[in-house]
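S.K.: Given these sequences and hints, build the entire structure.
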Amino acid sequence: EPEVTQTPSHQVTQMGQEVILRCVPISNHLYFYWYRQILGQKVEFLVSFYNNEISEKSEIFDDQFSVERPDGSNFTLKIRSTKLEDSAMYFCASNLRGGISYEQYFGPGTRLTVT
Amino acid sequence: AQSVTQPDIHITVSEGASLELRCNYSYGATPYLFWYVQSPGQGLQLLLKYFSGDTLVQGIKGFEAEFKRSQSSFNLRKPSVHWSDAAEYFCAVGEKEYGNKLVFGAGTILRVKS
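Respectively, the protein sequence lines represent chains Y and W.
Its first residue numbered 1, the first sequence is counted upward by one per residue in the numbering used here.
Its first residue numbered 116, the second sequence is counted upward by one per residue in the numbering used here.
Keep in mind the hints are simulated off the structure, nothing from the lab.
As the structure is a computational prediction, the values presented were derived from the model and not from experiment.
The hints are all genuine.
Which stretches of chain Y does chain W cover? Using the computed rule of at least three CB atoms under 8 Å from a CB of chain W, they are: (1) 45-58; (2) 106-113.
Just a few of them, taken from the derived set where beta-carbon distance is under 10 Å, the chain Y residues facing chain W: (3) Q41; (4) A93; (5) Y102.
Note that beta-carbon positions come from the ideal geometry of N, C-alpha and C, so glycine has one too.
M.R.: Laid out in structure tokens, this is it:
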């Protein structure tokens, strides 16, 4: 069964460093998402992406964040200068079509630890 | 603002016992409601969803959920829990007017004792 994959599973970085989190969505999906979950808190929406453009973003997704689909398979989240509060589990998701009625398939997450 | 509350952080049930996980939402219009499960090291897997129609929805793994508009609730139930059901369960809500994003609750960790 097709699945969303994410690498790495765990990333440790120092404050101020840039990190890139990678996701491979399901191959025929067209809509891509990033969510994050700070330890002990809710899963929060960060951004959605379609047709090589951001279609929606949350207040969390400030200028330190960017997303890119550099090729036909990968979908990346870049944090330009990490802060301690960026430590969280980051989930990538994708679905075939947009619209809330279409299931979003989630990856296993990348745990980012900023020291 | 949209919000989802899962009042129980942890629940422990005996194997074979029934289960109910609570979820309350705050929404202006008709919500789209979801339950996801996350096992350790795995992604979030959709258990079931409600958009309209019959308020009792059936999902995978023997789970069901009932939408009660008057109580703004969408509680997840299972008549007989198996040890493999131990996981974290997330209730989520979406709304067409707010695009495709899902708003999640904080999750409930289910422990199953034998």
